[in-house]
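J.: The sequence shown lines up with residues 1 to 615 when you count with full-length UniProt numbering.
Since the hints were derived computationally from the structure, they do not count as laboratory data.
Honestly, I wouldn't trust all of these hints.
Distance windows between CB atoms, simulated [stated by the list, open to error]:
#1 A525 <-> T455: 31 to 41 Å
#2 A390 <-> A361: 13 to 23 Å
#3 L196 <-> R75: 31 to 41 Å
#4 R48 <-> A174: 24 to 34 Å
#5 P603 <-> L196: 20 to 30 Å
#6 E514 <-> T598: 35 to 45 Å
#7 A125 <-> A3: 17 to 27 Å
#8 R291 <-> T598: 28 to 38 Å
#9 G24 <-> A279: 51 to 61 Å
#10 A125 <-> R75: 28 to 38 Å
#11 E374 <-> A22: 49 to 59 Å
#12 V162 <-> A361: 56 to 66 Å
Virtual Cβ for every residue (Gly too), placed ideally from N, Cα, C.
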Amino acid sequence: MPAVMSWLVFGLACVLVAAGAALGGADPVDAAVALGFTPLGAYLLSRRQGGAVGPCCLVTVLGAVAYFADSYSARPGLPGARWAAWVGTWTWAPALLTVGGVLLLLVPDGRLPGRAWRPVAATGAAATTAFTVVAALVPEGADRPFSVGALAPVRDALPVVVLILAATSLACAAGLVVRTARAQGEQRTQLLWICLGAAAFVAGVFLPAVVRLPAAGVPFILALPACVGVAMLRHDLYGTGPWLRRALTLGLLAGALALLYFTVDGLTGAHVAAAAAVAVAVEPLHRWLRRASGRILYGGGPDPEAVHARLGARLAATSEPGEILSAVADAVAEATRAPYVRAELGAPGEPLKVVERGTPAPLGVSVPLRFQDEILGALGASGGDARVLAPLASHAGAALAAAHRAAALQRSRTLLVTAREEERRRISRDLHDGLGAFLAGIGFTVDAAGNALKTDPERARGLLTQIRTQVAEAGAGVRRLVRGLRPPELAQLGLSGAVEHTAATLGDGGVEIEITAQDVGGLPAAVEVTAYLVAREALTNAVRHGAPRRCAVRLGRVAGGVELSVRDDGRGLGPQAVPGVGLTSMRERVEELDGKLTIEAAPGGGTVVTAWIPL
1 MPAVMSWLVF GLACVLVAAG AALGGADPVD AAVALGFTPL GAYLLSRRQG
51 GAVGPCCLVT VLGAVAYFAD SYSARPGLPG ARWAAWVGTW TWAPALLTVG
101 GVLLLLVPDG RLPGRAWRPV AATGAAATTA FTVVAALVPE GADRPFSVGA
151 LAPVRDALPV VVLILAATSL ACAAGLVVRT ARAQGEQRTQ LLWICLGAAA
201 FVAGVFLPAV VRLPAAGVPF ILALPACVGV AMLRHDLYGT GPWLRRALTL
251 GLLAGALALL YFTVDGLTGA HVAAAAAVAV AVEPLHRWLR RASGRILYGG
301 GPDPEAVHAR LGARLAATSE PGEILSAVAD AVAEATRAPY VRAELGAPGE
351 PLKVVERGTP APLGVSVPLR FQDEILGALG ASGGDARVLA PLASHAGAAL
401 AAAHRAAALQ RSRTLLVTAR EEERRRISRD LHDGLGAFLA GIGFTVDAAG
451 NALKTDPERA RGLLTQIRTQ VAEAGAGVRR LVRGLRPPEL AQLGLSGAVE
501 HTAATLGDGG VEIEITAQDV GGLPAAVEVT AYLVAREALT NAVRHGAPRR
551 CAVRLGRVAG GVELSVRDDG RGLGPQAVPG VGLTSMRERV EELDGKLTIE
601 AAPGGGTVVT AWIPL
């Protein structure tokens, strides 16, 4: 609601200025102040930025009220002209005095520079209020429709109020200069912009009296809100730039068209000619001012809208991970103009793909590439600002997510093929060097026993004993092969029975292990093996390293998968704990099946290992 109301205030200012101009117009200074600051105030309030600067800027809508009231009262024969003239005598004061005083203390962050400035701000606010009240209520002339006669003596104190206002404004201006001289880095740049705008504002207020042209000061007055907007939002530009660019373009366009209208009207005295000039100039002026606002905001750098548009076009035209990364890297190089840019896809230290631009150099800034809650990689540059890189990374998130998944799938396929071939090689080696050799030896021994059966029965009996021993060794080799393919306790006892067997083995050390298993029969082999190995590893780690008194294991089907939870009341994981081979192996096994594994501290002490494996 505050955002809507702030933009309604800006709309009211535009309507009042347009109506005042249609009536013939009055002093354009009040209109320029209103049209310059109300859009900035509405923008700041809608974005919830700038603190007290936004409300102070919206106060300038009273300048539009004063402009309309003066224009209305200047037209003879209109009803209520005396009331309009009275409104115009005092509504200009809060708008102009707030800009020339307190606002200079609040920019660029919306807070006073320090406690020492509180009396100055309070004095300025009190003097502005007093001046407004005196101008509105103290009688001056007989034609005033509303006045308080008892306050007539107060008018004698008006020069003192004016002196206080002048002193307050000078103090605020001096404070701005001192803050600028003492500031460093980014804050100094912001304050320099505001100093430039303040100097132009002062020139715009007094210039019409020098050149005898009321509209001469309008561009200078509009320079202050433009500079304040740049100072406050330029360094967050790539997040707010499009909105600010539109506001700045419209503000400059309104000022330029107003200046053109008043100039043509003043030179020719023909309202029709002035309106025709405005109608002819509005479109080319809008195009030129849009480019000019881009140069003002982006400091001569590339236009983010154009960079994002080109990046979007390239992303829409490709689906290859390498080409997508290249497009992102090119966009970053264009936006930051950094000598070195690096875009990588995958986990830190283990990138799936890397694209570089420029000569390798240390990265000055780096932002994660993410889609939803998933971190896909990183985007870095040797120069620039993270606030420049972040929108580009966000813009490319969806495309990179697809590329990341494609690259991860390709890597998984490669790992799967590699693991399959390594397993085949192991089995082939075990069969050839182990079981094959045993069977060949048994064959030779059988032949020897057959030859000795008639001639040397005693030797034949010895060879048969040897054959028995060789067959037993061959059986042990077969069992080793089977164990390597699938845990035998899992094949014999099932998932819950195998976990209970492991718990019984580990529970001999005095640890009480409770197991609850529900509906875990008939699971796919891969899911069953992974769940068992994770449970065994979690229990083993807890008993060996956590010194628990009690462990609880929960197994069951939930949410389209199998959930395993192992909780202990031991020492838990320390703050500097580094995942070892066992924890890494558990995580890899679960993620191979597209599951999730979490390891966290249990409430009250201990550790909770939770794995969810989809069916």
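J.: Give a verdict on every hint.
T.: Cross-check of the supplied hints:
1. A525 <-> T455: 31 to 41 Å: 53 Å, violated
2. A390 <-> A361: 13 to 23 Å: 21 Å Cβ-Cβ, so the 13 to 23 Å window holds.
3. L196 <-> R75: 31 to 41 Å: Holds, since L196 and R75 (Cβ atoms, about 38 Å apart) stay within the stated range.
4. R48 <-> A174: 24 to 34 Å: Holds, since R48 and A174 (Cβ atoms, about 31 Å apart) stay within the stated range.
5. P603 <-> L196: 20 to 30 Å: Once the Cβ atoms are compared, 58 Å apart, the range 20 to 30 Å for L196 and P603 is violated.
6. E514 <-> T598: 35 to 45 Å: 21 Å, violated
7. A125 <-> A3: 17 to 27 Å: Holds, at about 25 Å.
8. R291 <-> T598: 28 to 38 Å: 52 Å, violated
9. G24 <-> A279: 51 to 61 Å: With a Cβ separation near 19 Å, G24 and A279 fall outside 51 to 61 Å, so the hint is violated.
10. A125 <-> R75: 28 to 38 Å: 35 Å, holds
11. E374 <-> A22: 49 to 59 Å: The hint (49 to 59 Å, Cβ to Cβ) holds, given that E374 and A22 are roughly 57 Å apart.
12. V162 <-> A361: 56 to 66 Å: Between V162 and A361, where Cβ atoms are some 60 Å apart, the hint holds.
The structure is inconsistent with the numbered hints 1, 5, 6, 8 and 9, although it conforms to all the rest.
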